[in-house]
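Student: Here is how the chains run, residue by residue.
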Amino acid sequence: MIRFAHVTKEYPRVGIALNDISFHLARGEFLFLTGPSGSGKSTVLRLVYADDLPTHGDVAVTGISTRTLRRGDIPALRRKLGIVFQDYRLLEDRSAEANIAFAMEVTGAPRATIAPKVSRLLTQVGLVSKATSLPQELSGGEQQRVAIARALVNDPVVLIADEPTGNLDDRATRGIFQLLREINASGTAVVMATHNLELIRRSEYRTIELNHGQVVFDSLDQPVTPEPSNTEALS
Amino acid sequence: MRLALREALAAFHRAPLLSILGITTIAFSLFAFGLFSLVALNLRNALREVEDRVEIRAFVAEGTSVEAIAAAMGDIGGFPEVARVVYVTQDDALSRAKQDLEEFRDVLENAFLPASLEIRLKEGFRDPVTVQAVSERVGVYPFIDDVRYGEEWVEKLHRVRTVAAVVGTVLGLAFAAVAIIIIGATIRMAVLARSREITIMRLVGATDGFVRLPFLIEGFAKGVLGGLLALLLTWLANRTIDQYFIRTAFFDRELALAGILGGALIGLLGSAFAVGRHLRRV
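Chains C and S, in that order, are what the protein sequence lines are. Residue numbers for the first sequence follow my numbering, beginning at 674 and rising by one. Residue numbers for the second sequence follow my numbering, beginning at 420 and rising by one.
Hints were generated in silico from the structure; no laboratory data involved. Please note that the accuracy of each hint is not assured.
Said to hold, decoys possible - Label-pair ranges, simulated between beta-carbon atoms:
| # | chain 1 | residue 1 | chain 2 | residue 2 | range |
| --- | --- | --- | --- | --- | --- |
| 1 | S | 592 | C | 766 | 39 to 47 Å |
| 2 | C | 871 | S | 604 | 43 to 51 Å |
| 3 | S | 440 | C | 874 | 48 to 56 Å |
| 4 | S | 593 | C | 726 | 36 to 44 Å |
| 5 | C | 786 | S | 671 | 51 to 59 Å |
| 6 | S | 424 | C | 744 | 21 to 29 Å |
| 7 | S | 592 | C | 726 | 52 to 60 Å |
| 8 | S | 424 | C | 740 | 35 to 43 Å |
Stated by the list, open to error - Residues from chain S that keep clear of chain C, each with C-beta distances beyond 12 Å, as calculated:
| # | residue |
| --- | --- |
| 9 | 458 |
| 10 | 484 |
| 11 | 493 |
| 12 | 584 |
| 13 | 627 |
Given the structure is predicted, the values throughout are model-derived calculations rather than measurements. Built from N, CA and C at the ideal position, the CB exists for glycine as well.
Excised from the complex, chain S in its bound form (with noise of 0.2 Å):
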């Protein structure tokens, strides 16, 4: 292991500017990778922004007891698809009609808006489907007058929603897979460059394993050191749009985590599959 580490090292040493140019490589492929990851975690932010404001509203039939609108909404509030329900009263709904419609404000005050019930649902169960199903469900009480949920625009929002993420996991797979090529290339090439150190340890009787480690350790440490720098590529690039152009969040501290380990396993699976290829053919 010490041997290992000691010879890892000595690439760095040996051959800068291959190291240099496989660190920098794997970092602005990983970077690339990146700035699509931002994209879509900011577009899907904003997808779950406004699918927060997916709601059902019921109305309730004038007249209607408090005892039956609370114990409907106990029951309502049971669905396993409900976040909460809060009951909006004919005096709410009008202070809130004219905090929002500040223009319409004359014609507002003296008019009649019913109570109702406002029910958002949990994450996951905003689809068309669930929305209408809960609707259906709502509506059977009998002092529901009519229930609403903007059945378009969720279904827009849905197709949107599904949209993005097919796109999203095809383009991310391919940028995956391009940077993993790219990155491959890279590291065969450093494998190739000690093809020379590799036969002579082989033929001295240097065992697989042992020709292996040095190699995994450099891929991984590269890998590393490319990931670390994409991250601060990234972070550099969202904090430039971030302060000139639009508002935009950047990957918690678990998914900067998971790019470095990324590139690190890509630097460990391409030296393995590089050296590997090397070692059959020597």
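Only chain C is shown next, with the shape it has when bound in the complex (with noise of 0.2 Å):
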């Protein structure tokens, strides 16, 4: 589903972001990606993505190398994939059901497909009764809700998360968590970058750690080289 394989990112002043980093995603899989600020996650994801190239190594999604893509494949390989973001990127002028119906839109999906596609989601991401709500009427986790109601409109087969709790408390960050884990029992599959350690301790899905760029921990293999402090934290 998505292949890093040797990804180095080096940007011009910033220096080395990722450094020599491989895993393997299967389809339907549920990835954490972990490790403090600066290590590296949103990189990660950005390169998913296409919103930036690997400097050196090759990034796969769905098979096609992110390298051969031109700049009018990206929107194609974007309809793959539903993107959430911690600071929810919603459109503030517009309500909840719009904000979705407009991800379907701008896709050019069939005028008669969309209705019926905003209210599944709005009901399987629990927000039927805010269908007409402002976001700023919404709370955060509400607002998360949307966000990841408008990620799904294109039904894609990964779920790309960045630090989607970042903003919530406890509470709502337990609810997007459970909505994320129905998403993934469905078949798709989700990659939640997150510093909650907390998240990724009561669940069983497999955890890379990042640190300085590299691949510190994963938890499907044995510990690539690790930091006491982090994989402490995560044993």
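If you follow the hints, you should be able to join the two separate chains into one complex; please do so.
Tutor: Printed below as a string of structure tokens:
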């Protein structure tokens, strides 16, 4: 589904963000990406949705190397993915349902399919009663649910969540995590970048820990170069 | 297309102040250009009027037969540069002089003025070199005593015309460039104000063309509205000058339409450039 092969990402003024990392995400898998701030989690995600290209190595998503994509091919790749951010990235002047419908409209979905799908997604994320509410009328957890519903409009094969619970309290965090589990259970692979070790500890999902742009722990394999402080926290 | 139109209209609705600012900026930039164009147009008209008076006068020797004059007129009228040849008899010359020089009527009473051929040139052939060349060709007829065309005056007029054309082109381009830069900056502001929307569209898999289209429609619409407003302002300014100061001409329908289309084109290109630049970054 997603394959990183000896990927290095270097930014001109910042330096090395990722240093020779390799991993593979299987279809339908749930993966936690964790590590301290600046460890390279968001860079990994950006390379997945082709917002950036690796300096060395190769990133393949659904079998296609992002290096081989022309700019015009990127939208097609992103329609296979759902992307969720810590700051929700909703359009403030549109209702919850309009935000979700917008994602379908801009990808050219037939008009007749939009309303039923939006309704189904609102039901799935538990926000039917808030369909016409504007983002500022919703709590953080509810806004993130709208963002998740929007990410699901194209029936993605992978849902990418960059710190989706970073702005939420414990209760909302649990709710969002449960929603992501349900989405995963229905067959969608999920890659979730998070600082929340409690969530990781309480789940059985695979975890990759990054530090200084390197994979220092992968629960699927033996630790690569375990760093006592972080791996202890995870074990 | 339907969604793009809806989004473009919604942009006016969501940020009315920014839209008004954009349209007003386009309007005033085009208004400044319009005023300059109006000055250039009237200056060109004035010069053309003066130029219309450029003529060659070939004085005919006394006693020349009517047949010889008629044959020469046929020849000269066939020159590609010549618009019209008129034979002015001695009597016609005298009566014209009396009419033009009313205060010297007494002196002219018993005067003798020679007959002449009055030669008008076509537009585009009134420069000093052409006028002189035609004069020399007319002067070869044996019955032509003298040929005059106000050499110094024609040269001065040509110089004024050349300077006006160069200054007009340079200033016109400068005005147009300033208008394009200001309009481009305004449109860029509108694009930046919607950068979040663009980012979201890109993340959910909208193509560049799809993202671009509403902005192009918006830029085009703003350009047309700004162009119309500029035309109205220019018309009001022209009307005021025409009524209270000097007679002036206004743009004809084609020029007015060209102005509006120019505004639309600037709006369209400004949007394409601004959104294209933004898309390369997101």
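Student: Next step is simple, just say for each hint if it's right about the structure.
Tutor: Verification of the hints:
1. S:592 to C:766: 39 to 47 Å: The hint (39 to 47 Å, Cβ to Cβ) holds, given that residue 592 of chain S and residue 766 of chain C are roughly 41 Å apart.
2. C:871 to S:604: 43 to 51 Å: Given range 43 to 51 Å: holds, Cβ gap about 49 Å.
3. S:440 to C:874: 48 to 56 Å: At 53 Å between Cβs, range holds.
4. S:593 to C:726: 36 to 44 Å: Distance hint for residue 593 of chain S, residue 726 of chain C holds at roughly 42 Å.
5. C:786 to S:671: 51 to 59 Å: Given range 51 to 59 Å: holds, Cβ gap about 52 Å.
6. S:424 to C:744: 21 to 29 Å: 25 Å Cβ-Cβ, so the 21 to 29 Å window holds.
7. S:592 to C:726: 52 to 60 Å: 41 Å, violated
8. S:424 to C:740: 35 to 43 Å: 37 Å, holds
9. 458: 45 Å, holds
10. 484: The claim holds: residue 484 of chain S sits with its nearest Cβ about 83 Å from chain C, beyond 12 Å.
11. 493: 69 Å, holds
12. 584: 45 Å, holds
13. 627: 7 Å, violated
The structure does not agree with the numbered hints 7 and 13 stated previously, though it agrees with the rest.
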